[in-house]
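Q: Read off the chains here:
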Amino acid sequence: MSNTVNSSDIIETIQPEHGFTLGFDELWKYRELFYYFTWRDIKVKYKQTLLGFMWAVLQPLVMMIIFVFFFSKALKLPTNNIPAPIFYFSGLLLWNLFHSGLSSTGNSMVKSSHIIRKIYFPRLIIPISGILTALFDFFMSLIIFVILLLIYEFTTDIDVNYIKLLLYLPAAVLITVGITFGLGIFLSALNVQYRDFRFIIPFMLQFLLFVTPVIYPISAIDDMVWAQYLLALNPMTGAIQLTRAAFTNTPIDVTIMLISITSTIIWIGIGLYTFRKMEKWFADLV
Amino acid sequence: MVCGPCLMKPVIEIQNISKKFSVDLTNRQYKSIRETLTNFFSGKKNEQFELWALKDICLDIYPGESIGVIGSNGSGKSTLLKILSKISPPTKGKIHLRGNVASLIEVGTGFHPELNGHENIFLNGSILGLHKSEIIKKFDEIVEFSGVGKFLQTPLKHYSTGMQLRLAFSVAAHLDPSILLVDEVLAVGDAEFQKKCLNKMMEVTSQDGRTVMFVSHNLEAVQKLCKKTVHIEKGILKNFGETNKVIHEYLHHEKLNPTKDIILDLPEKLNAPQFKSVSIKNHQIKYGEDIFLEIEIIAPENNKAGIEIDLKDQSHFPVSHSSTAPMQGNLLELRSDEINKFEVKMESLNLAAGEYHLYLKLTHPWTEDFHQMPNALRFEVVHSDPYDTGFSFQQSNRGSIHHTLSTTRITSKLPHEG
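Heads up: the sequence lines are chains A and B, in that order.
Mapping to our numbering: the first sequence position 172 is 188, numbers consecutive.
Mapping to our numbering: the second sequence position 51 is 1158, numbers consecutive.
Isolated chain A (complex conformation) (with noise of 0.2 Å):
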């Protein structure tokens, strides 16, 4: 361009397509409002609510009962010698994680949609406020499940590690914040286009409950090892496995640790690069 002889005082060039980047220095600048969006959904979440945060705890809290209640009391399904209450909590911890995560971060483009159409600013700062807000209820419920291990501690004779604990827990939570991270944006970038996935994400999220290890422990169909390595497809079979370990002295189980994690990091890349070559349109088309 003859006329720009000089550019070096141009802040910014719009232009139809310039390549791909991840533009982590422009999330950098807008970081401020990482802060406002998750302060506003955790505020409006509980607000008009008689129990407020309580909701956050008493949702995992109810659920492990009724999964001692039915599927260890009832069923009698094997808990890998875990007392049967830390066995599902520790499960529901991460399941509730993933599962409130995914479901908002999937819904997040469409219900964003009226500022989205009206003012700029990198996307993906609201699938990620999403998983910022269901890390809060995760850290609600983890000082229960902390409170729960302690009267089990001094009550029984589980044996727990807390330096694997210490370890364990957050590379698990890693794993699962990673993998809702990048299918969350993934399919909140295809909602853009088809709504269909406002169906899909419910039931797939059902679906996924049952090929995870949250129910049962993975050691339940350990005559059948391709199984389980099918199942750790699933990155939320590693995280859980991961945390359980600290409550067990059997060690973990390093092939399913690494098709977890691989598969976290190939959903990262797939999330990413959908969600940042289609992010542009989504203005037009939402």
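Be aware that one or more of the hints could be misleading.
Said to hold, decoys possible - Chain B stretches covered by chain A per the calculated footprint, using a threshold of three residues with CB under 8 Å from any CB of chain A:
#: 1; stretch: 1193-1204
#: 2; stretch: 1208-1219
#: 3; stretch: 1318-1328
What the hints assert, rightly or not - Chain B residues, not near chain A, derived (Cβ > 12 Å throughout):
#: 4; residue: Glu1251
#: 5; residue: Gly1254
#: 6; residue: Pro1262
#: 7; residue: Ser1267
#: 8; residue: Asp1283
#: 9; residue: Ala1379
#: 10; residue: Pro1425
#: 11; residue: Ser1427
#: 12; residue: Lys1452
#: 13; residue: Met1453
#: 14; residue: Thr1470
#: 15; residue: Pro1472
#: 16; residue: Ser1513
Calculated directly from the structure, the hints in this document are not laboratory data.
Fair warning: this is a prediction, and the values are worked out from it, not measured in the lab.
Positions of the beta carbon are idealized from the N, C-alpha and C atoms, including for glycine.
Take the given structure of chain A and dock chain B to it, following the hints.
A: Chain B in isolation, oriented as in the chain A frame:
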């Protein structure tokens, strides 16, 4: 291209910007997977036609300029603003920006009804691109301008619409970018608040080095705020220059809507009569004059119908509704063996000066609508001065009909005592 102050480089350099929309003829916003899959396997493509909302727009804007953007509805002016604010990408072309941009397509974006006024100021402010520290610094100013200080702790859902708009505009007015893009946001609130907004906008525009682009239907506001104006029509840059000159040409020399021989190739209903062509004889009238329309109707079968005319103002807000066949009386005879041609006279229109639109409908009143032509014709009231004062009444948010008033003094004497 006219070179501005040549020492400075333009803050906004718009180079050959074009924007294409593919409009799906099935007229739905989003696709379903089923459709995509069946189309994929059957090799069928959805019927789409391309619509160029903008075509080859080139424009250089220099620091400190305030530019008005005018054009009729759907001309592409809002699309241009959306491209500039990065909401929607261009199909072709390039824009170089030498400054940070804040855009106001709407006031109150992101306002949440459950949050209170205080919280919404922070939420909205940060969505608009303000940093927390800036919001804190300007907080008192924002609250004072909005005049809702007493209700800061009240959830927004309990605010009246007017209060919400005032709060929204106050946040927006305290943005401090070097390039500000504004779309039609002044058309809110009551007359008094609009005046306050306009003054605030004038203050914002006149700040040193601030570049403003201001899209509006309100020509009066553009005239007040902007030294230069762009006129966009059908996606093409028609005119750019001094505001007064551009507005003058926009109003007086612009070719009005095509009015002859609009033949629709998509009959709405089979065998139903339809307009063949409609035209207006006098595009420019004065207060109290008549408008004459010439209407041709073809009818596949002999039929009876009435013509309904909706008069709308420049923002397409309804002014009046009239029919040639009120209460089914006076129906027009339509014969299949000829082009039925009618002259319709709309009598003594006491309208304020400005642009008006006519929406036509061919109908059998209360039974069946045959053919509709929204926004079919346009005319202009050039002079509205019933009292001969030299001052012409303009169409405004106070209405577009102007009644003449006459007063007669009726004095009665004060009762005498005694």
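Q: Of the hints stated earlier, which fail here?
A: 3, 6
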